[in-house]
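Chains as they are written, first to last, in my numbering: chain R, -9 to 309; chain P, 41 to 151.
No lab work stands behind these hints, which were simulated from the structure alone.
Wrong hints could be hidden among the right ones.
[Said to hold, decoys possible] Lysine-lysine pairs mimicking PhoX-like chemistry, simulated, CA-CA at most 25 Å apart:
(1) P:K78 x R:K302
(2) R:K11 x P:K78
(3) R:K148 x P:K114
(4) R:K297 x P:K78
(5) R:K24 x P:K114
(6) R:K207 x R:K11
(7) P:K114 x R:K15
[Said to hold, decoys possible] Here are the in silico distance ranges between beta carbons for each label pair:
(8) P:H77 x R:V287: 27 to 37 Å
(9) P:L64 x R:Q65: 38 to 48 Å
(10) P:E104 x R:N275: 28 to 38 Å
(11) P:E123 x R:D257: 22 to 32 Å
(12) R:Q202 x P:S119: 49 to 59 Å
(13) P:P145 x R:Q202: 53 to 63 Å
(14) P:L127 x R:I240: 26 to 36 Å
Virtual Cβ for every residue (Gly too), placed ideally from N, Cα, C.
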Amino acid sequence: MKDNHISLEDKFQATIDAEVKIEPKDWMPDKYRKTLIRQISQHAHSEIVGMLPEGRWITRAPNLRRKVALLAKVQDEAGHGLYLYSACETLGIDRDTLFEQLHSGKAKYSSIFNYPTISWADIGAIGWLVDGAAIMNQVPLCRCSYGPYARAMVRVCKEESFHQRQGFEILLTLSRGTDEQKRMLQNAIDRWWWPSMMMFGPSDGDSPNTQQSMKWKIKRFTNDELRQKFVDVCYEQAKVLNVTLPDPDIKWNEERGHYDFGEINWDEFWNVVKGNGPCNKQRLNARRKAWEDGAWVREAAVAYAEKKAARKANQTKVA
Amino acid sequence: MNTCAHEHLNTFTQQKNMKSNWPLWEVFIRSKQGLSHKHVGSLHAADEEMAIQNARDVYTRRNEGISIWVVESKHITASNPDESESLYDPANDKVYRHPTFYDLPDSLKHI
Ligand SMILES: [Fe+2]
Ligand SMILES: [Fe+2]
Ligand SMILES: [Fe+2]
């Protein structure tokens, strides 16, 4: 029995080492399944909660061009959430349980969405930095060992690049605007830079699951590796916007071939994770309210479907 | 008789709503004329009409398809991966099913 178990696990690892995807009905270690359910559902929740800070600005967009773009972007995020919930369900957990975990606060979502969007420049900053960091994280996930997750990520990544470009364009326009617009731009970068850096998660030393996830090829790069890539890319892009990243320690390191950067405020990070960020309560309440307010719609749709089915069955009987 | 059926329907609805709800559907999309439908994922919907509409919104926001199939997931029967040996191995030793099995001179053309 024990031997048999070991060989199943060895076979599983060999499949992964050979870069062959794992599919829903294949045998997998319990821990692999649990890790994926946690990661994919967190990711799905992040896409869904992520609609809230931006949704606030749809009615406030400065013109119609910006408005249709933002609307399309937010709709994409809903789509991403749905692809991911669907991938998660293939692991044997149902949608209602996933929602329950979100609404009860048991499940986590990306802490970045617990920060407020107080100016129009924030929408640009989210597109550039938040979607930018998400892309950094998500591109390697297209090669994740679990088939349904990898396939969902391919779809997501195809759509993300428009998100980042629309954000950057907003910022670029502000950077060429009035002094007040330039100040608004710099202020948004000042507020969004560090939370975006935190999106890659704790440092490798404080991320106990990283090793196993790398071995299972769920993760392809460590948190710190991805964060470094992000800094290197953003530093150059910031020049185009004429903005300063709010980190006095950013400096090119010839030896490493990377930018060095300052220490992240991990107390803030853990504090927001634990629910004490500026908008945690507001976000969860908005999700719960949407779920509760939508109950009658879900019920009515089921009643209508049943009525239709019954009518159809009756007609067949008569015929 | 009608009342009875109606009551039954109501209890059924209530039971279903407690656990909540909409069944799961698998979505297949034909990306263009001439290609077959391909599985793209799943979604929840109350009935087939809504499943098609939701599939349109979720899976074809950028002209990814010209035709959609939806099938309630419970109607799909899948082969068991544990039985893949007995299912697919028999094909392994039937090399004579492949054109390269047949020894013919190089000078022979158009065959
Ligand atoms: Fe997204
Ligand atoms: Fe995302
Ligand atoms: Fe996005």
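Status of the hints after comparison with the structure:
no. : hint                        : result
1   : P:K78 x R:K302              : 29 Å, violated
2   : R:K11 x P:K78               : 18 Å, holds
3   : R:K148 x P:K114             : 30 Å, violated
4   : R:K297 x P:K78              : 31 Å, violated
5   : R:K24 x P:K114              : 24 Å, holds
6   : R:K207 x R:K11              : 10 Å, holds
7   : P:K114 x R:K15              : 15 Å, holds
8   : P:H77 x R:V287: 27 to 37 Å  : 30 Å, holds
9   : P:L64 x R:Q65: 38 to 48 Å   : 22 Å, violated
10  : P:E104 x R:N275: 28 to 38 Å : 35 Å, holds
11  : P:E123 x R:D257: 22 to 32 Å : 54 Å, violated
12  : R:Q202 x P:S119: 49 to 59 Å : 30 Å, violated
13  : P:P145 x R:Q202: 53 to 63 Å : 57 Å, holds
14  : P:L127 x R:I240: 26 to 36 Å : 58 Å, violated
Hint violations for this structure: numbers 1, 3, 4, 9, 11, 12 and 14, all remaining hints satisfied.
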